[in-house]
Amino acid sequence: MIKLRDVSKIYCADGHALQSVNLSIDAGEFVSIVGQSGTGKTTLVKLLIAEERPTDGQVEIGGWNITKISQKDIPQLRRQIGVIFQDFKLLFKKTIKENIEFALQVAGEPRQRIKEVVPRVLDIVGLAEKHDRYPHQLSGGEQQRVAIARALVHRPKILVADEPTGNLDSINTEEIIEILKKINSFGTTVVLVTHNREIVNHLKKRVVTLHGGKIISDEVVGKYRL
Amino acid sequence: MLSFLRIIKFSLQDIVRNLSLSLTTILILILMLLSINTLIGVRILTQEAITSIKNQIDVSIYFNAEAKDAEIGEVKTYLSSFPEVLTSTYFTSAETLAKFKEMYRDSPKILETIEELGGNPLGAMLVVKTRDPKDYVKIIKALSVPEYDTIIEAKTFGDTEKAIEKIQVITNQVEKFSLALTSIFALISFIIIFNTIRVAIFTHRTEISIKKLVGASNWFVRGPYLVESLLFSIIAVVISFGTVRFAARFSDPYISAIFERSGILTNYVNSHIMELVGVQFAAVLALTFATSLLAMRKYLRV
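So the sequence lines, in the order shown, correspond to chains A and B. Residue 198 in my numbering sits at position 198 of the first sequence, with consecutive numbering throughout. Residue 311 in my numbering sits at position 85 of the second sequence, with consecutive numbering throughout.
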């Protein structure tokens, strides 16, 4: 599903953000990518969504080599990968329903399908009754649930979550992780980037540890070891 | 088609939900258009003043008392054949005397001298007006030939030549100054509009990057801002032009008292409505479009 071959990323001459990273993630896996700040976790996410291009190596998503993806094709890629961010990245001048609808509208989905899908997704994340609220009227946990709903609305085969619980308290963190587990149980590949020890140890799933831009461990059922 | 309708919907939604930013942008566009239109108004009035001064200049050709009507008629026909000549008005010797007396009615000594001479010592007169004061030189030159020496007594142009030259210099300078001022204001307007749109786009930078991350194409992101630019330009041009028309109607009675011609500004606005609205709309739209596209370029690289 996701393949990185000898991927390196250099932002400036004096250091590698990622160095010869080889990683293969199969369909339906739940992989946690852990590491301290500045170890290249976010760079890895940026490579997966083509926000950055690798300096060396190849990135493949679902058989699609996106190493040198053209600007024109990037939207197509992003409509196939669900992404959630630490800062939620919601459109603050749109209601939560409009935020989710927007992800379908950009893909040119017909109005009727949007009308059917959006309430369903809102229901899954438990925000059906708050559909007409604006993001600033919701708690952090609720905002992250909106972001998850938006990421899910395309029924992506891959969900990338970049520090999704970084701004949340423990109760909301637990809720979000439960939602991610549920999504994974439906067959979606989940890539969770985090430095939250508790979450990783509790998940008992595959853990890839990054340090200094390199993978230093990759365990099928791993623990947070830094 | 569906995407186009969505782009329009998003742009209208954005205008309403960012109302203060939208109103500020429109207000700045209106103010810039008004300042340009004010300068256009000043230019029109300057031109009017120059034309008015030029119209007051003429050259009088005094004929000898012995000059025959046929000879004078020949000179008149000859002068009328010049494309530079606007009018040539013939005054008989009696009319010339009456005009002379009218002109010097406050100078009793001159009038007494005329009386003492007895009869009418003045000949007929031709008053010639040209399109431009500088054309008088050509007219005078055309008349300064030996065959007319015997019938032309005097030409007043010699007395007013220096004044005309001075007026010519002043009017040229005024025209240059008003053109320079309009250009400077246009440049200032360009910079202000450019920065206004840049600031408006800057406030949307996070939104732009989020839209890109969600999978929107560049044109789907750009679209609403371009539609907004179009709507802002239409609203600004309509309001500023409405204000200009109102201001022209309001000012015309005061202006007509100075220039002795009514409806100068209103007539100009009405007769140049397509150029004024068209050029200003095209300029504002091109500027807002170009600025939006330029300002967004950076934020679309996500």
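Careful: at least some of the hints might be erroneous.
[Stated by the list, open to error] As a list, the in silico DSS-like pairs of lysine-lysine whose alpha-carbon atoms are at most 27 Å apart:
no., chain 1, residue 1, chain 2, residue 2
1, A, LYS93, B, LYS235
2, B, LYS294, B, LYS235
3, A, LYS94, B, LYS524
4, B, LYS235, A, LYS72
5, A, LYS181, A, LYS3
6, A, LYS94, A, LYS72
7, B, LYS392, A, LYS46
8, A, LYS94, B, LYS235
9, A, LYS72, B, LYS355
10, B, LYS364, A, LYS115
11, B, LYS392, B, LYS364
12, A, LYS115, A, LYS46
13, A, LYS68, B, LYS364
14, A, LYS93, B, LYS524
15, B, LYS235, A, LYS130
No wet-lab data here; the hints were simulated from the structure. Keep in mind that this is a model prediction, so the values were computed, not measured.
How the hints compare with the structure:
1. Note on A/LYS93 and B/LYS235: the hinted pairing holds, with a Cα-Cα distance of about 14 Å set against a maximum of 27 Å.
2. Distance hint between B/LYS294 and B/LYS235 is unfulfilled; the C-alpha atoms sit about 83 Å from each other, more than 27 Å.
3. With a CA separation close to 23 Å, the supplied pair A/LYS94 and B/LYS524 stays within the 27 Å bound.
4. As the CA atoms of B/LYS235 and A/LYS72 are separated by approximately 24 Å, the hinted pair is consistent with the 27 Å bound.
5. Our distance criterion of 27 Å between C-alpha atoms is met by A/LYS181 and A/LYS3, whose separation comes to about 22 Å.
6. Distance hint between A/LYS94 and A/LYS72 is fulfilled; the C-alpha atoms sit about 26 Å from each other, no more than 27 Å.
7. For the given pair, B/LYS392 sits about 73 Å from A/LYS46 by alpha-carbon distance, which is inconsistent with the 27 Å threshold.
8. The suggested pairing of A/LYS94 with B/LYS235 holds, with an alpha-carbon distance near 12 Å, which does not exceed 27 Å.
9. For the suggested pair A/LYS72 and B/LYS355, the alpha carbons sit about 69 Å apart, so the restraint of at most 27 Å is broken.
10. Between B/LYS364 and A/LYS115 the CA atoms are separated by roughly 82 Å; this puts the pair beyond 27 Å, and the hint is violated.
11. Taking the CA atoms of B/LYS392 and B/LYS364, the gap is near 18 Å; set against the 27 Å cutoff, the hint holds.
12. Note on A/LYS115 and A/LYS46: the hinted pairing is violated, with a Cα-Cα distance of about 31 Å set against a maximum of 27 Å.
13. Between A/LYS68 and B/LYS364 the CA atoms are separated by roughly 75 Å; this puts the pair beyond 27 Å, and the hint is violated.
14. Our distance criterion of 27 Å between C-alpha atoms is met by A/LYS93 and B/LYS524, whose separation comes to about 21 Å.
15. Using a Cα cut-off of 27 Å, the hinted pair B/LYS235 and A/LYS130 holds, with the two alpha carbons roughly 22 Å apart.
Checked against the numbered hints listed earlier, the structure breaks hints 2, 7, 9, 10, 12 and 13; every other hint is satisfied.
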